[in-house]
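Student: Going down the list, the protein sequences come from chains A and B.
The first sequence runs 17 to 413 under my numbering.
The second sequence runs 600 to 809 under my numbering.
These aren't lab readings, by the way, just hints derived from the structure by calculation.
Every residue, glycine too, gets a C-beta built ideally from N, C-alpha and C.
Treat the hints with care, since some could be wrong.
[Said to hold, decoys possible] Think about it this way: if two alpha-carbon atoms lie no more than 20 Å apart in a straight line, the pair counts; the simulated EDC-like pairs of lysine to aspartate or glutamate are:
id: 1; chain 1: A; residue 1: 408; chain 2: B; residue 2: 674
id: 2; chain 1: A; residue 1: 407; chain 2: B; residue 2: 804
id: 3; chain 1: A; residue 1: 412; chain 2: B; residue 2: 656
id: 4; chain 1: A; residue 1: 341; chain 2: B; residue 2: 675
id: 5; chain 1: A; residue 1: 105; chain 2: A; residue 2: 91
[To be verified] Calculated from the model, a selection of chain A residues having no Cβ within reach of chain B, i.e. all distances over 10 Å:
id: 6; residue: 27
id: 7; residue: 30
id: 8; residue: 94
id: 9; residue: 101
id: 10; residue: 158
id: 11; residue: 197
id: 12; residue: 370
Here are the chains, one letter per residue:
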Amino acid sequence: MKNNQHISYNTIAAFLNTQSNKGSKFFGYAGLCTGMVLLLTAAQMFININHLIKEKNTRKDGFDFISVTKTVTNENMMKDNRFSENDIKELKQQKFIDDAAPLISNQFRVKASAGNIIPFSTDLFLEAIQSDFIDTVPPDFNWKPGDINVPIVFSADYLEMYNVFAPSQDLPQMSESTISSLTIILECHGPGGIESFRGNIVAVTNRISSVLVPQNFLEWANKRYGNAENIPAARVYLKTKDANSTELLNFIDARQYHLNKDKTKFGRIKQVLEGVITALAGFAVVVIILAMLLFSFYLQLIIERSRQNLVLLLTLGYSPGWLTKTLAKKWTPIYVTIMLIATIVTSLFQLYFVHKMNNRAELSHTLHPAVFALGLLILFLSILINYRMIKKMLYKL
Amino acid sequence: METVLNNVVPVYLEEEKILSSEVWNHHIKIDKYVHIIAPSGRGKSSLMQFMYGLRKEYTGEVIFDNQQIHKKSAEEIADLRGNRLSIVFQDLRLFPDHTAYENITVKRSLQPYNEDQINQMAERLGISNKLKQHIRNCSYGEQQRVAIIRALQQPFELLILDEPFSHLDENNSKLAMQLILEEATVRNAAIILLDLEKVPFYPADSMYHL
């Protein structure tokens, strides 16, 4: 029912005593404004930090790839510290991990020699991973049973290491392009004797420190020479949108996994900063709640002082719903003003912060839309709480 | 609007007062001019408050349009008081810190009936020079007339009058009664007049002793 829709607040304004207690009113407003500035600033800082601490390297299609191992300690070193299928399934289920792939290794002996050009022979380890985890996968990185040629993706770190030691061993130094012309003889030792394959380095990768061969080759070879199938992996690669995500680090810490430190060092700093900012936001929420409480006392006082008149207005036939709405509306412009002031002050803080950070490109001079959204949400909540308080008090008269 | 009192009994009233009453615990239909005569202590104001939806401490039913008033929502009661039910309280219930005129217009702006006749009505009841005066500075008789004029600003189908002339002399009472009857006729409304004694100039269709 829509009673009294046509009546304006002015009709009853004279019958309400709103002139009282300016002090508590002012402190309520000031408190609300301060709390809002703190909360909005905390939210904006949260976003700033996330913009500042984002790694730009080792990305493929906007993803980070990081390796995880289980931490080996004195207590667990006698146990199997490899990843079971369930471990990997659990990793894949996390929303901050887009994919997880085990790095499988050879379960048989491999000996590599460079043939006649370089007098070089060594025991080698081979590893394999899903192709989409390798950043530099050439089209010919595949193998089928019967092929004698096996493509290899070689770690740039190993190449660098080789080039450091090569001169002292009277070996030639090699560039990324010369290494690909090299044929490595891979001797696979199995129960049925030794078989040789011709390994060609088809690409160099910065992402995975290993000697990578196609996954189906390694699975086939493990079965044939090592008599092994579905071997658990010691190392798992994670594909994630953000290697510095606090959620990811918290999860990894909880599982006592070990992460490639370099790629997540900013994440550690972020973890601490986010903790501090969260505490600030919590404090802001407390300030806002206190301000609303003070404000509710002020409202109660006004309604109490106008109690007799309000009761009489209701007796005369004024609709309690209309009275509630009309009274609540009176405060809406005040709340809107408070929110505007808080937004402006937060914007100024942001400008100052960006200026102090030498106007770094990652930072925006304006507030993030989410901060505005948060401001609007609090505005909406304040108006709603105010309305509910008035309604509760009026219906109690 | 059909108004019915159906076996209404205040929960706090003594047994013998209920037994000797023609109203309590009876079925009464209020469709024209009803006069209820009630000596002190018979629950006159209680009856008025039950009918206006201010109190609920009774058994039985007060029915407007086939609906019990205490089952109506706050909004429905507000609508009833604004559009269909008007009242002159025994204790008047005016805003003491506002002028007579403000007291009348705050009611009038709720649901105005006809064009503004406040001045003419005040003229007829002899309080036109009191309209700009604060209520607390008016005599009780003047306040009573303000309350009567206020009650006539809205549309109504039933007008409840609770000792409306207690502080008026006979001449002023008759003037007020005449104005009330005119306004009731225009609206084709029923009246229930409650008083300590019979009001001789009230053309009651039916009369009950409370």
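Student: If a hint holds in the structure, say so; if it doesn't, say that too.
Tutor: How the hints compare with the structure:
{"no.": "1", "hint": "A:408 - B:674", "in the structure": "holds, 15 Å"}
{"no.": "2", "hint": "A:407 - B:804", "in the structure": "violated, 44 Å"}
{"no.": "3", "hint": "A:412 - B:656", "in the structure": "holds, 18 Å"}
{"no.": "4", "hint": "A:341 - B:675", "in the structure": "holds, 17 Å"}
{"no.": "5", "hint": "A:105 - A:91", "in the structure": "violated, 25 Å"}
{"no.": "6", "hint": "27", "in the structure": "violated, 5 Å"}
{"no.": "7", "hint": "30", "in the structure": "violated, 7 Å"}
{"no.": "8", "hint": "94", "in the structure": "holds, 75 Å"}
{"no.": "9", "hint": "101", "in the structure": "holds, 63 Å"}
{"no.": "10", "hint": "158", "in the structure": "holds, 76 Å"}
{"no.": "11", "hint": "197", "in the structure": "holds, 89 Å"}
{"no.": "12", "hint": "370", "in the structure": "holds, 53 Å"}
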